[in-house]
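Participant: Protein chains in written order, with the working numbering: chain A, 1 to 422; chain G, 1 to 422.
Quick caveat, the hints were computed from the structure, so don't treat them as lab data. As the structure is a computational prediction, the values presented were derived from the model and not from experiment. One should not assume that every hint holds.
[Said to hold, decoys possible] Straight line, CA to CA, 20 angstroms or less: simulated DMTMM-like cross-link-like pairs of lysine to aspartate or glutamate:
(1) G/320 to A/354
(2) A/214 to G/265
(3) G/105 to A/187
(4) G/415 to G/234
(5) A/167 to A/61
[Stated by the list, open to error] Chain G residues, not near chain A, derived (Cβ > 12 angstroms throughout):
(6) 7
(7) 55
(8) 74
(9) 171
(10) 237
[Said to hold, decoys possible] To be clear about the criterion: a stretch of chain G counts as covered by chain A if any three or more of its residues have a C-beta under 8 angstroms from a C-beta of chain A, and this derived list gives those stretches:
(11) 82-96
(12) 138-144
(13) 295-303
(14) 321-333
(15) 374-386
Glycine included, C-beta positions come from ideal geometry on N, C-alpha and C.
Okay, here's what each chain looks like letter by letter:
2 protein chains.
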Amino acid sequence: MNVELMSVGTELLLGDIVNTNVTYLSRELAHIGINVYKHTTVGDNKERLLQAFHNAFVKSDTVIVTGGLGPTEDDITSECAAAYFGRTSYFNETLWQKIEAYLRKYRKNNVLTANNRKTAYVPEGALLFENRNGTAPGVALEQDGKRIILLPGPPNEMKPMFIQSVKPYLQSLSNQCFVSRYVRFYDIGESLLETKLKHYLDTQKNPTLALYAKTGEVLLRITASASSEEVALELVNHKIAEINQLVGKYIYLIGDETIADSQTELHRVIARELLARELTISVAESITGGYISSLLIENSGISKSFIEGIICYANESKVKTLGVQEATLKRYGAVSEQTAHEMVVGTAKRFNTDVAIATTGIAGPTNDGSTKPVGLVFVAVYYKGEVSVKECQFNGNRNIIRERTAREAFNELRKMLQQQKN
Amino acid sequence: MNVELMSVGTELLLGDIVNTNVTYLSRELAHIGINVYKHTTVGDNKERLLQAFHNAFVKSDTVIVTGGLGPTEDDITSECAAAYFGRTSYFNETLWQKIEAYLRKYRKNNVLTANNRKTAYVPEGALLFENRNGTAPGVALEQDGKRIILLPGPPNEMKPMFIQSVKPYLQSLSNQCFVSRYVRFYDIGESLLETKLKHYLDTQKNPTLALYAKTGEVLLRITASASSEEVALELVNHKIAEINQLVGKYIYLIGDETIADSQTELHRVIARELLARELTISVAESITGGYISSLLIENSGISKSFIEGIICYANESKVKTLGVQEATLKRYGAVSEQTAHEMVVGTAKRFNTDVAIATTGIAGPTNDGSTKPVGLVFVAVYYKGEVSVKECQFNGNRNIIRERTAREAFNELRKMLQQQKN
């Protein structure tokens with residue numbers, strides 16, 4: 001099956017909303033082995049929509065459309081799909097009763113208007129998908145080897161409808177199983193990793209491999225298809241074992257998580273490790289200003305490990321709260337290896353924790369009056385008396401520099417914990 | 001000008017990343033009066049990309065492409081654009097020197113690989129846009145009344161390049177001036193605001209009005225076009241004055257900022273106010289875990305005002321560092337008005353600041369073992385001896401609850417500072 005995903009709505013063309021539907025559907029379809037050939041977004045305009053159907057069916061056999069199924073005048077998707085196949089629409093009495101009941105139950109304050117009835121008109125010969133979270137039903141139309149599927153635009157209606165009705169309908173048309181796993185890398189750039197994995201990337205077939213660059217890290221997705229989930233998983237795991245042997249030292253996580261929502265998993269790896277080993281942690285943040293702590297406490301249950309964080313942005317607070325020597329600040333400056341070292345030791349001591357992180361750096365846009373460049377950062381980690389300080393030079397705006405600093409700190413800590421374990 | 005936005009990347013068709021570029025560009029183009037006709041997303045495939053150019057130029061005269069400009073083998077956008085116009089690409093030595101310098105400066109650990117050189121190949125006769133945050137430059141090609149603009153895929157490279165080079169380039173092709181201003185509302189929902197502004201929304205022409213709901217706040221964009229910037233600005237300001245009279249009490253900021261990157265400007269309003277009035281601030285964060293501090297220090301120069309932040313996630317730290325009474329914690333719990341009150345007073349006292357913020361709450365997914373519900377939050381603000389504690393009940397996941405808490409805290413502080421001023 002070759003699918004084109006079509007989104008209908010002028011608000012998308014104006015950039016008023018982000019098109020998360022198309023991401024969701026692409027991912028769900030990829031997981032069940034359906035090839036998405038193209039995404040298209042068009043306005044609420046009959047002529048353009050008919051033209052878009054025409055273009056889509058040149059290369060695809062299935063078009064899945066989201067949006068334009070509502071009760072207002074500019075909702076024209078259903079009408080256009082019927083017209084494309086030369087069918088008429090009819091008023092579906094059973095459907096209307098359901099819609100009416102839904103409106104009476106959930107939209108008490110709304111008066112039932114004439115245009116509400118519009119959603120009960122459906123193309124002749126259509127397969128309907130129930131909408132449990134709204135009024136407009138989903139629609140599937142098949143003709144001459146072409147298939148149009150219409151889904152409502154609001155994600156809270158579309159997603160449950162997809163999972164509950166559309167996915168099983170599509171799966172019934174195929175007999176392959178798909179399994180994906182994700183490998184996350186740090187300390188290696190995309191180009192170098194690609195060079196190292198060139199043989200695998202060039203000869204890939206099943207499983208397939210895909211590399212993605214994230215801010216400061218790289219992600220590899222490995223997907224296999226087979227007649228059963230077990231066989232597909234075995235294919236994936238076998239490939240991971242091979243890759244692990246080659247570039248294992250850069251891998252920080254092998255998991256099943258999907259990647260759409262999260263740029264990094266480093267803080268989750270750290271939180272899991274701290275909790276598993278019953279280690280306590282404290283954090284002293286200058287350049288990251290609370291960002292490292294806020295990532296750590298994203299992890300449920302972390303209060304057992306996370307003792308306290310300090311945002312010591314001012315020099316005074318570095319001295320008073322963390323016990324950094326005035327002489328150190330004077331001689332080397334707040335952004336220096338020496339200050340970072342004293343910060344991390346001071347933090348661990350003050351809060352009596354097994355582990356500590358400290359950061360100091362110049363986030364820009366201007367530097368601190370010295371000759372030190374914007375983006376210069378020192379990351380210090382502490383584990384039971386041992387200290388490591390790393391000097392980094394990052395590029396980008398304030399937020400990117402802080403983001404990179406946080407990841408670097410988590411990665412340094414990860415390596416130190418790893419070492420202690422081995 | 002009629003534009004088609006084209007996104008290139010198999011990772012988009014697989015749903016691995018959300019296409020925020022297309023939203024950003026659509027909005028930016030709408031602001032300068034450029035009509036976006038269609039969005040298309042295609043995979044990293046030469047034949048499909050050429051076909052997509054062909055289809056796009058049937059209705060549009062300009063195609064803006066994001067993605068596929070990188071150093072790896074599947075980055076084929078530049079090559080395809082050149083081929084579409086029948087041009088060859090050449091190795092640009094000056095560009096390569098810049099790229100090499102960039103790589104040596106920011107990617108010290110990376111070995112320079114042969115494929116890095118690929119980014120220095122550009123189509124003949126191309127106008128180049130500098131990339132300050134990466135290696136691949138932007139490209140504009142014009143021929144036979146058709147225009148192809150190529151931008152890098154990573155948003156942190158694409159957005160600054162668009163603002164700095166591409167937007168002025170596009171504006172130079174038109175003779176209308178567009179001016180937009182943004183009005184930000186807090187303490188009022190989107191539907192109610194829409195009802196109050198109905199007359200203006202229904203009769204809008206020039207300026208145009210657009211409402212956007214953000215997490216916890218609402219944004220109104222007012223855009224006018226005219227033959228000169230002065231006239232357009234006057235039209236906008238006149239409309240703002242009318243709206244201010246009607247719903248002024250919900251407005252927290254009238255500004256020129258673009259909205260793409262930031263959900264809120266509350267922390268910037270606070271930072272500006274603190275610096276202007278030479279007030280010092282300290283922050284004690286339990287539920288927000290450093291998030292409020294990290295928003296505050298996004299503001300350049302804030303070190304003059306921001307004395308220290310404490311992430312007192314554990315009860316022990318609330319008692320030891322902030323002087324919250326054990327009896328208070330025992331009697332009312334950590335998530336209570338009383339604890340929030342003692343936290344904020346303790347913080348202001350400990351760090352001897354004019355202003356303080358404290359937060360405590362239940363972020364979920366499970367509650368704290370008491371009968372208190374997930375999403376219950378107490379936000380305390382302090383200003384020169386005066387304390388105000390607000391109880392809130394938020395809905396959503398951990399991150400949304402923390403996000404809402406931070407905004408509520410900034411808004412409460414804003415109101416308190418406002419009061420003291422009047």
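Participant: Does each hint fit the structure? Answer for all of them.
Facilitator: Evaluated hints:
1. G/320 to A/354: 19 angstroms, holds
2. A/214 to G/265: 26 angstroms, violated
3. G/105 to A/187: Between residue 105 of chain G and residue 187 of chain A the Cα gap is close to 16 angstroms, so the pair holds against 20 angstroms.
4. G/415 to G/234: 29 angstroms, violated
5. A/167 to A/61: Since the Cα atoms of residue 167 of chain A and residue 61 of chain A sit roughly 17 angstroms apart, the hinted pair holds (cutoff 20 angstroms).
6. 7: Label violated. Min Cβ-Cβ 8 angstroms, cutoff 12 angstroms.
7. 55: 6 angstroms, violated
8. 74: Violated: least Cβ distance 9 angstroms, not greater than 12 angstroms.
9. 171: The claim stands: residue 171 of chain G keeps its Cβ more than 12 angstroms from every Cβ of chain A (closest is about 17 angstroms).
10. 237: For residue 237 of chain G, whose nearest Cβ neighbour in chain A is about 23 angstroms away, the distance exceeds 12 angstroms, so it holds.
11. 82-96: With 0 residues closer than 8 angstroms to chain A, the segment 82-96 of chain G misses the three-residue bar; violated.
12. 138-144: Since 0 is below three, the answer is violated.
13. 295-303: Coverage by chain A holds here, the residue count being 6 at a Cβ distance below 8 angstroms.
14. 321-333: violated (count 1)
15. 374-386: violated (count 0)
In the structure shown, a violation is registered for the earlier hints numbered 2, 4, 6, 7, 8, 11, 12, 14 and 15, in ascending order.
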